[in-house]
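Undergrad: Letter by letter, the chains look like this.
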Amino acid sequence: MRRPSLVLPLVLVACSSSPSVPDAAPADRALAERAADRAAAELRRDLAPDQPRPPARWETVPGASLSLIDHTVTALANGDVLIVGGATDDGTGTGVYHAQKKAYRFLADQGTLVDAGELKTARSRHRAVLLADGRVAVLGGEDDTDYLGSVEIYDPAKPAAAAWGEAAPMPSTLVGFNAIRLAGGEVLVTGGTFNGIDSLTTVLLFKPDGTWKLPLGTLLESRRHHASVLLANGRVIVSGGMTGAEKMGTGTYRSSMEIYDPTSGAFTPAKSMATPRAGHNMLLLADGRVLIVGGNCGFGCTVAGHLIFDPSSDTLTPISHPGGTGVVEVALLVPGLGAVLFAEKSFLFASSGGEAWAALPPMAAPRYKLRAALVKDGSVLVAGGLLEGAAKVTHATLVERLYP
Amino acid sequence: MSRPACLLCLCLAACSSTTATPDARPADRAASDERGADRSSLDRSVERARDRSPGEPRPPAHWKTIAGANLSLEGHTITLLQNGEVLIAGGCKDTGGSPSYLRKSYRYLPASDTLVDAGELVAPRCEHAAVRLADGRVLVFAGQRESSGYLLDTELFDPAQPAASAWSAGPPLPSARTGASALLLADGQLLVTGGDSNGSDALDAILVLAPGASSWKIPLAPLKEKRRHHVSTLLPGGKVLLSGGSRGPIGNRVFLKNLETYDPKSGTSALLAAPMSRPRSFHSATLLDDGRVLIVGGYCEGCTESLDDLYDPKTDTLAPLAHPGSYPWSHVAAKLLDGRVLITAHDKTSGMVVAFNASSTPPGWDVLPALPHPRERADGVTLGDGSVLIVGGVAQTYPAVVYASSVERFFP
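Taken in order, these protein sequences are the chains called A and B.
First residue of the first sequence: 29, per the working numbering; consecutive thereafter.
First residue of the second sequence: 67, per the working numbering; consecutive thereafter.
Derived from the structure by calculation, the hints contain no laboratory data.
Worth double-checking, as some hints may not be accurate.
To be verified - From the derived model, a few chain A residues whose C-beta atoms are all more than 10 Å from chain B:
no., residue
1, P90
2, G193
3, A196
4, P199
5, T239
6, T246
7, D289
8, T291
9, A294
10, P297
11, T422
Claimed, not checked - Label pairs and their computed distance ranges (CB to CB):
no., chain 1, residue 1, chain 2, residue 2, range
12, A, P297, B, G333, 41 to 51 Å
13, B, S213, A, T280, 30 to 40 Å
14, B, A340, A, A273, 38 to 48 Å
15, B, S425, A, T296, 19 to 29 Å
16, A, T422, B, A133, 56 to 66 Å
17, A, D183, B, A385, 36 to 46 Å
18, B, A133, A, D237, 48 to 58 Å
Note that the Cβ used here is the ideal one computed from N, Cα and C, for glycine as well.
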């Protein structure tokens, strides 16, 4: 696959206006604070006018070397970061990968990467979600031959050798699904595919007791490689995605969005995006709005830029974007920086109505297919991915930290 | 006679073992739900209290295979007795393409977790109905014992008698039948609706057996619709909901998607304006704690819809529901003590088991541990402690019939 030669993380300096959601009830506002994490609160402080921001910088985690794609990188409740599974190139450079079992933990206080035990089943393209009790649920994905429905749970309080256990499997094997934790502690799993072609309208809830539940509602359209985000009011917005074969341009890409109501378990339609997109990302901003970034829409189709969705007015507003579009691997709200995107395309600086994109300095090992999460001290840990501009598939083995 | 000539044909036409299942189950439910003062209710409250005792961690939901129990059958009945034991009666078994009709009965003793002999029926019987009467005896009726001809004779099981003398002849039906639905009304009368006498058409007849009576009464007003393989469900106000079924010749059935409420006080019935989301027969219709009725699965020829329905008697309306997993035309529906309804799959591979949970937020289907030995056409019943017993059914149909002979008990 052709890759652009320059990939840099970029940041949206957003949310300089009032952080409160105009018509939100006090309870909703409280929820917004939680949902946007402590990062949001710090972001508001840090974006105060007249306060010069020191330049961001990258540092390499000493002694750490990982050869992974399609892994997960998850912030733990104590500020450490958990890296799970993924796939490693077989060394021939032909793009044949083998799923991995190992897990690693980045210790925030020591600044080092250590062993975090092994999955029972090697897997990549899985999802990992931090549960309300501090454990991490690892869901579905695939090993070298099959899609997986099994669920493994990481307990950060246990030593590495005893940290992993199993929970009830998903009712179906799944890849390409979304999994996000709701305000009530359940994990909402939407869409995906069990055969690599047909996407599903399936909606599942992983309950805190480790069992599964199917709410009465289903997605209004089948989707995989869609994006979901928890809104300030406890609802979830789901956007885009696709169904059908991904190669040969035969897939059907979605432009619709829908909203999940955790009380009724049903979905209702929301605004539609101007163009379809899959493999994009969504991020809840500190003011309750949602950034919709990147994605692709199949052969001969170009995703028309980034959007901001305002749930309070049900409006979608195009915003300027830094040049290219494409898969956005990671979107994080980073204290002191704003919305940080790690995309597979290069970008340009742009400005729009007080919000602006800014380039971040390049990594030591510029890469795509990376994963990233926030560390306790507000830095961003980046692990895995493939080197940009390499003649053949080459893992970006350095683990790097972005200091805002 | 236009009925299929052999049991296997019946199976293929999807009218074999579950013939008895929908017939028997609502009656069992009525018997255990409506007779508030009987011993099983008492046992339940004791169990509930024990479950809630503090400091005792509750084990996660699980299945347990009953050691030493081995029953290869279908078309049997399973009935909760007043003392909390379970009667398993009759049925049939495919023997190389032709059915053999079974005469044996068994008692499952929950306390010792064993299956014991409960004597032999007066004559073999399959695809029948079984209802626990107000006096604790079990009436077994309808069904068949050879490839042609439905049954006129009935029999009674008396749990107070030793196995050798437990079974005796009961009051004969006014006409032979199969595929009728039966339940016990709050006043102890047994209500039998519809069915089929000879395969040429379904019946609109109603039969009533009063407590202690030796003959059946036939109320003058018939049902509004001829129905066989329908389900009757006792509603909180005393009316009975009749759902679906089929009418017409057995070889050219019309599957029904309408509902009818029968009022035992006035002896009249009324068709509901709103239809179900699909026609269904051999389905289940289970009363929820909030008064609504969960209508699940069932068979209809050529149907493509795979929805369940929720009937609300307050508004006389139906709401369709998506069913999780593969669609269960045959299944076990068992009400759990916490109000959920356990539904097994019509499934020889996954054994997926779900529970409809109307009172949770959001309402939905809880995914329960899978049935250890997946099967179609099983039968089951909720025991006094809230566990669910699953008996019989088919684990493989081609190239030869293989029965799921294990007996499984689910602890929620």
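Undergrad: Determine for every hint whether it applies to the structure shown.
TA: Evaluated hints:
1. P90: At about 44 Å from chain B, P90/A clears the 10 Å cut-off, so the statement holds.
2. G193: 13 Å, holds
3. A196: 7 Å, violated
4. P199: Not fine: 5 Å to the nearest Cβ puts P199/A too close to chain B.
5. T239: The claim is violated: T239/A sits with its nearest Cβ about 6 Å from chain B, within 10 Å.
6. T246: The claim is violated: T246/A sits with its nearest Cβ about 6 Å from chain B, within 10 Å.
7. D289: 8 Å, violated
8. T291: Given a closest Cβ separation of 6 Å, the condition is violated.
9. A294: The claim breaks: A294/A does not keep its Cβ more than 10 Å from every Cβ of chain B (closest is about 7 Å).
10. P297: For P297/A, whose nearest Cβ neighbour in chain B is about 18 Å away, the distance exceeds 10 Å, so it holds.
11. T422: 42 Å, holds
12. P297/A - G333/B: 41 to 51 Å: 49 Å, holds
13. S213/B - T280/A: 30 to 40 Å: 52 Å, violated
14. A340/B - A273/A: 38 to 48 Å: Holds: the Cβ-Cβ distance is about 41 Å, inside 38 to 48 Å.
15. S425/B - T296/A: 19 to 29 Å: 23 Å, holds
16. T422/A - A133/B: 56 to 66 Å: 58 Å, holds
17. D183/A - A385/B: 36 to 46 Å: 41 Å, holds
18. A133/B - D237/A: 48 to 58 Å: 29 Å, violated
Checked against the numbered hints above, the structure violates hints 3, 4, 5, 6, 7, 8, 9, 13 and 18; every other hint is satisfied.
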